[in-house]
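Sequences listed follow chains A and B, in order. Numbering follows the working numbering, with no gaps: position 217 of the first sequence is 217. So the working numbering is basically just the index in the second sequence, starting at one, shifted up by 897.
Be aware that one or more of the hints could be misleading.
What the hints assert, rightly or not - Calculated lysine to any residue pairs in the SDA-like style (CA-CA distance at most 20 Å, straight line):
no., chain 1, residue 1, chain 2, residue 2
1, A, Lys153, A, Asn217
2, B, Lys962, A, Ala68
3, A, Lys9, A, Asp75
4, B, Lys960, A, Pro16
5, B, Lys960, A, Ala13
6, A, Lys421, A, Phe431
7, B, Lys960, A, Arg17
8, B, Lys962, A, Glu31
9, A, Lys318, A, Asp157
10, B, Lys962, A, Thr18
For the record, the hints were derived by calculation from the structure and aren't laboratory data.
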Amino acid sequence: MSLLAAIRKLWHAIVPRTHSDVEEEFRSTLEAYQEDLIRQGVPEEEARRKARIALGQPAAQFETYRDAIGLRLFDELSGDIRYGLRALRRNPGFAAVAVLSLALGIGATTAMFSLIYAVLLHPFPYAGANRIMNPVFIDEQHPDEPLYFPLSKSQFDDLRLAAPVDSPLGFDNAHLEITGGALPEGIWGIYLTENAGTFFGVRPLLGRNLEPTDAENGGHSVVVLNYRFWQRHFGGDRHIIGRMLEIDHAPYTIIGVMPRSFAFGVQGVGDVYLPASLMRGLANVPYLAYIPWIKLRPHVTLAAANAALEPIVRQFAKEHPERFPDHWHLALQPIIVPFQQNTGRTLTLLLAGVVLLLIIGCANCSILLLARGRTRRHELAIRSAIGASRWRIVRQLLVEAVVIACTGAVLGVAASYWLAKLPLLLSPDSFPAESLIRINAPILAFSVALALLCGILFGLLPALRLSRHDSARMLPGREIGVVAAPPKHRWSVLIAAQVALTLLLMATAGTAIRSFLQLTQIPLGYDPANVMTIGIPLHHAHDPGEWSRIQPREARTAYIEQIREKIAFVPGVSTVAVGDTDATPPYSGVEKYFNVDGTGDREQPQARVMLVDQGYFAALRIHLLQGRLWNTDENTRGDFIAVVNHAFATRYLSSSNALGRQLRIPGLTSRNRYQVASAHSAAWRQIIGVVGDARNDGVDRPIVPAIYLPYTTVMSPFVEFLVRTQGDPLTSLRSIRAAIASVASDQQISNADTFTLSEAVERDAQYSRQRLFSILFGVFSAMALALALVGIFSLVSYSVAQRTAEFGVRLALGAPSVHVLWVATRIALVSAGAGIVMGLAMDSFFGAILAHWMQSAFAARSLFAAAVLLALSALLSCLLPARHAITVSPAEALRYE
Amino acid sequence: MTKPVELPQGTLEMLILKAVSLGPLHGYGILLRIQQISGERLEILQGSFYTAIYRLEHQGLIKGKWGESENNRRARFYSLTAAGTRQLKAETAKWTDMAAVVAGILAKKADEI
Chain A
1 MSLLAAIRKL WHAIVPRTHS DVEEEFRSTL EAYQEDLIRQ GVPEEEARRK ARIALGQPAA
61 QFETYRDAIG LRLFDELSGD IRYGLRALRR NPGFAAVAVL SLALGIGATT AMFSLIYAVL
121 LHPFPYAGAN RIMNPVFIDE QHPDEPLYFP LSKSQFDDLR LAAPVDSPLG FDNAHLEITG
181 GALPEGIWGI YLTENAGTFF GVRPLLGRNL EPTDAENGGH SVVVLNYRFW QRHFGGDRHI
241 IGRMLEIDHA PYTIIGVMPR SFAFGVQGVG DVYLPASLMR GLANVPYLAY IPWIKLRPHV
301 TLAAANAALE PIVRQFAKEH PERFPDHWHL ALQPIIVPFQ QNTGRTLTLL LAGVVLLLII
361 GCANCSILLL ARGRTRRHEL AIRSAIGASR WRIVRQLLVE AVVIACTGAV LGVAASYWLA
421 KLPLLLSPDS FPAESLIRIN APILAFSVAL ALLCGILFGL LPALRLSRHD SARMLPGREI
481 GVVAAPPKHR WSVLIAAQVA LTLLLMATAG TAIRSFLQLT QIPLGYDPAN VMTIGIPLHH
541 AHDPGEWSRI QPREARTAYI EQIREKIAFV PGVSTVAVGD TDATPPYSGV EKYFNVDGTG
601 DREQPQARVM LVDQGYFAAL RIHLLQGRLW NTDENTRGDF IAVVNHAFAT RYLSSSNALG
661 RQLRIPGLTS RNRYQVASAH SAAWRQIIGV VGDARNDGVD RPIVPAIYLP YTTVMSPFVE
721 FLVRTQGDPL TSLRSIRAAI ASVASDQQIS NADTFTLSEA VERDAQYSRQ RLFSILFGVF
781 SAMALALALV GIFSLVSYSV AQRTAEFGVR LALGAPSVHV LWVATRIALV SAGAGIVMGL
841 AMDSFFGAIL AHWMQSAFAA RSLFAAAVLL ALSALLSCLL PARHAITVSP AEALRYE
Chain B
898 MTKPVELPQG TLEMLILKAV SLGPLHGYGI LLRIQQISGE RLEILQGSFY TAIYRLEHQG
958 LIKGKWGESE NNRRARFYSL TAAGTRQLKA ETAKWTDMAA VVAGILAKKA DEI
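Sequences and hints are given; from them, build the entire structure.
See below:
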């Protein structure tokens, strides 16, 4: 059934009889009555007249019918709506300003709500997502940094049997490459335990998800594709199921494609999902390979689950004591928690901002309606004179307001779709990858409710005010405008409130922008401009021949050095350095325990250990403060030497005689057969140099003590090249790829680990949050300012238009034009001034709260600047329309009468 | 001529149902029949009369159908639906009960209490 037919059917159910049907019946009655009268001897002409008087007009009968079946309110409302729309069309300037003021507010509020809905209320597409927990252990010495722990297969099976556990999911990630094509392509693979299909409960877009049978015989060679990977690599081909995909030189059957909303990942969204049983067949996978997620049984409390699982994890700690600190406890974290804390605050603040914007927009509409209402007094007086009740007039005015609000809402919702994506673009890492912004039923309901609320909110005051006039006073003639209009308290209150809220928003924006600028000026200790990091996984693991070629440490070093030299020859490249996985600031290094000579073994402080080559410091422009860097031979050997940063020297050594001291890192050994270590990697090392501090714990966090060692001392099957170029490094990427391919044609590059260091700074949580705040609050406050100015402008111009005659007479009687200007703008200026004072008071009250939430200081200077800017623009928007008051020619003004 | 009677609120509907229960009638016919049965003592305002008919039809108590009147004119004939029959029965019982109680009270004399 088409939509039109459905509407017709519904309409028929509400109004079963048609207009002509009712009218025809009525005519037949009319005629029958008329004939009766004629039969009784009444003359024909007289009979027709009598019948009409007794029964009424046939044309009006349909209205009686609709009244009788209870459609009166409906008819009146639809009349009001039509009238409201006509009024808007007649007055396009007013309509545009009013609708736009609301569209901004409603659009922004809807956008924030849909973001909150997507990110906090409904972020994951998984079945029973609120029961899925991330088990972490909390080191009691560093309680704010939860630690994750991978499990072995048997530990994972123990967890499965625990009482509060409905089902656990085990997963791990791996760099994989698609082979068999012209060039190998690096992808991010996620191994999932084979219960993944039922655990997630997400219906695949095509085919099926992993099933327990996929674990048989050491794991079937099957693969499920991520939506984006499927789009990118297969162009969204729907006939993909059953085809083969060659990964790491082995064929896999494609069994399913996940929907777009599913983007499960570890340190990045997975491109492909594979059965975890295959992991044991893979070369570069450590022994503990199952990162667990736990879905609790329904109605199990977090505390009960923690208590039940703690003994099991204690047992794990006994099996692997080196992975656990001395004092720890288990905590199950709902999977939303990592996003909730900071993102929740960010969104609450932004929501507060847009609500302010909405209130300002509403106030604006109220002012416009009041101002326009003066020109409508006559019309309303006539309506009430011919019998409209006050309630009827209030209702009509409210309906007109709601019409404006709904028109605004339509525009606003359309805009919100785009607006809601803005925070995701500006601060992508603060939000779960799977939060999907879309306009759905709850969001539409929200915006419709919002529109109605706004319409009533801003329409009520003008409606009550305008409906109060008694017709007797209003009708005899138009007001003679030589008498100064009575003071308009309501306008003043609205203007003042608007200005105060605008100031609050502007001050917030000022603070946000200032603290962001401060953040950008924090010395990083290194120079991220024009440096790029390129990640290279060394996994030729599936070809035993190739693997044995780079398995020995010397061969691996030679291979890496060969690539480094080739990259160094690429035109535009000035410096190339080598580092292991964690060498990229502003987060770099791995926390490890160390000992310094002269202190007991019991005392085990921690420092960031960074494995790099001697060129690293030049590439990042980290200055050498004392001593020297290591040379090429020392780099190849890897042992006996170390360089520390300034923070390390001041904290653990007396910085004056740091050189020559000894340190050792007991845990610095090969962990599995894919890592190789130098002969004495965990032995004592002499400190030969101290370098300047470079941010290693985030852009705004204090620099952590760090130890730099030659990367050859412990080598993972992964390296990073840090390349400094003369121009934008990404433009050289193609030639660098070619240089790498010239060493080994099948050497892949990990796209996820290839980015510029400036990008890395921008991705920093605090940096991106501050940038988000400053951009969005900047936009909000600009909008608020525009709205407030439009409000003041329209107030003054309406009142000037109303009082043309008054000003003409004043000028004719010799009033100086400054005085006339003052009379014309007095109310607006005084209320704007009051608003600024109120705003300053509010700022000092809310300032402390805001500063805490934004994690930055609320600056008095930006408040002052905002107040001055606001005052100046308010003055301007008063004077522009008031100009007309002094250009009135008295003769013309009096002609109005 | 006897004095005309004014109808209490809500009774017009009941009378229409009764008139229609005696056989299908068009609107004007219903009016005539009520007046005829009442011995011309009821004065019915024509305006409110149609409102009552529309409402009854909308509530599904009577059903209209186009047909031909006694003098070959197209007219809409109303007949009672099943729901209408039930309603009429209930209303009649209610009315008689109420009338009896009220009449009983009014008929009481001081010594009978």
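Which of the numbered hints above does this structure break? none
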